[in-house]
Amino acid sequence: MSKPSFVYVTYIRSTPASVWRALTDPEVTRHYWNHRNVSDWTVGAAWDHQRCDGSQISDITGTIVESVPPKHLVITWALPSEAADPQKVSRVTFDIEPHKEDSVRLTVTHDHLQPGSAMERGITQGWPLVLSALKSWLETSRALPL
Amino acid sequence: MNDKPKFVYVVYIASTPEKVWQALTDADMTEQYWFGFRVSAGGKVGSPFTAKSPGGKDFDKGVVLESDPPRRLSYSWHPQYDDVRHERPSRVTFDLAPFKDQVRLTIVHDDFDHGSKVFASISRGWPAVLSSLKSFLETGRALEPSWSDEDRKRVADAEARA
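The listed protein sequences derive, respectively, from chains W and L.
Position one of the first sequence corresponds to residue 1 (the numbering used here), numbered consecutively onward.
Position one of the second sequence corresponds to residue 1001 (the numbering used here), numbered consecutively onward.
Hints listed in this document are in silico derivations from the structure and should not be mistaken for laboratory results.
Hints are not guaranteed to be accurate.
What the hints assert, rightly or not - Below, in silico cross-link-like pairs of lysine to any residue (SDA-like), each with a Cα-Cα straight-line distance of 20 Å or less:
id	chain 1	residue 1	chain 2	residue 2
1	W	Lys100	L	Arg1152
2	L	Lys1004	L	Gly1140
3	L	Lys1004	W	Gly122
4	L	Lys1100	W	Gly122
5	L	Lys1006	L	Thr1139
6	L	Lys1044	L	Lys1004
7	W	Lys100	L	Lys1004
8	L	Lys1006	W	Thr109
9	L	Lys1100	W	Lys100
10	W	Lys100	L	Thr1139
Said to hold, decoys possible - Restraint ranges, calculated between C-beta atoms of paired labels, are given here:
id	chain 1	residue 1	chain 2	residue 2	range
11	L	Asp1068	W	Ala143	44 to 52 Å
12	L	Thr1016	W	Pro80	33 to 41 Å
13	L	Thr1016	W	Asp40	24 to 32 Å
14	L	Ala1160	W	Asp25	47 to 55 Å
15	L	Arg1085	W	Arg142	54 to 62 Å
16	W	Pro26	L	Glu1150	19 to 27 Å
All C-beta atoms in this analysis are idealised placements derived from N, C-alpha and C, irrespective of residue type, glycine included.
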């Protein structure tokens, strides 16, 4: 049985380098995602999705599977409490392609999800919100409230 | 697998439901972000939905199925270009809900038969149109069209019709 995947495509008036940075620089992610995405983004390294309230608590954690700046990033994704259970580790792929002269097509594919899981429901609601906020941040420098 | 093809997309826009509604139904608005297409869908239930190509030719036609401004809009969708005209009409439904100074816009495009070519086409098209809509409402500038070669041919064919 193939596990379900979630795919979301958005077009952003920006550059691949700016989109890459907006996904991987904690000083940018904190503006539109309410979290700092912390890693050195090299294959095999850990990444953490840390709260910005000073606690540095990670709400999501994983490892870097592929990293080809500014085009292609694959990471694993799990709740810290479930990260040791391979069944509960999902995978997120970001594909960043130039589009026309001044835009980027960003495709986010989240797969290896457990059917009917809380994580599947959560990311299905969450990605449109986060990626809408990312687009607004890059195009207007205004963050949308999550 | 018995699930029929269904496209679902959600986008959050820093705007009001009234403005998003107008942008979805008023041809003078759609022309600015829907890559030159004039889309009219603002009438009562039973009135026509039309999408005209930049050259003024019928591209998609249908009928307004539900209209509850500025919350819910549904219309049937029947492409008029030659290679898919034989497919029966599908259905587009928009739901607009206020969300923290934004609008959560949900589009569901369903009621396709298995193997629909229209389904493949709209699955590429809606993210581009709705990304452009968001940019247009938030920044005043729409995005460039994102036609595939197939789309481009369909528009050219529609424009070439008498």
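So, going through the hints one by one against the coordinates:
1. W/Lys100 to L/Arg1152: holds (15 Å)
2. L/Lys1004 to L/Gly1140: Not OK: L/Lys1004 and L/Gly1140 at ~37 Å, beyond 20 Å, violated.
3. L/Lys1004 to W/Gly122: violated (24 Å)
4. L/Lys1100 to W/Gly122: Since the Cα atoms of L/Lys1100 and W/Gly122 sit roughly 19 Å apart, the hinted pair holds (cutoff 20 Å).
5. L/Lys1006 to L/Thr1139: violated (30 Å)
6. L/Lys1044 to L/Lys1004: violated (28 Å)
7. W/Lys100 to L/Lys1004: violated (33 Å)
8. L/Lys1006 to W/Thr109: holds (18 Å)
9. L/Lys1100 to W/Lys100: violated (32 Å)
10. W/Lys100 to L/Thr1139: Given pair W/Lys100, L/Thr1139 holds - Cα atoms ~18 Å apart, limit 20 Å.
11. L/Asp1068 to W/Ala143: 44 to 52 Å: violated (31 Å)
12. L/Thr1016 to W/Pro80: 33 to 41 Å: holds (39 Å)
13. L/Thr1016 to W/Asp40: 24 to 32 Å: Violated, since L/Thr1016 and W/Asp40 (Cβ atoms, about 42 Å apart) do not stay within the stated range.
14. L/Ala1160 to W/Asp25: 47 to 55 Å: Roughly 49 Å apart at Cβ, these two residues keep to the hinted range, so it holds.
15. L/Arg1085 to W/Arg142: 54 to 62 Å: Between L/Arg1085 and W/Arg142, where Cβ atoms are some 43 Å apart, the hint is violated.
16. W/Pro26 to L/Glu1150: 19 to 27 Å: This hint is violated: roughly 41 Å between Cβ atoms.
Consistency with the previously given hints fails for numbers 2, 3, 5, 6, 7, 9, 11, 13, 15, 16, ordered from lowest to highest.
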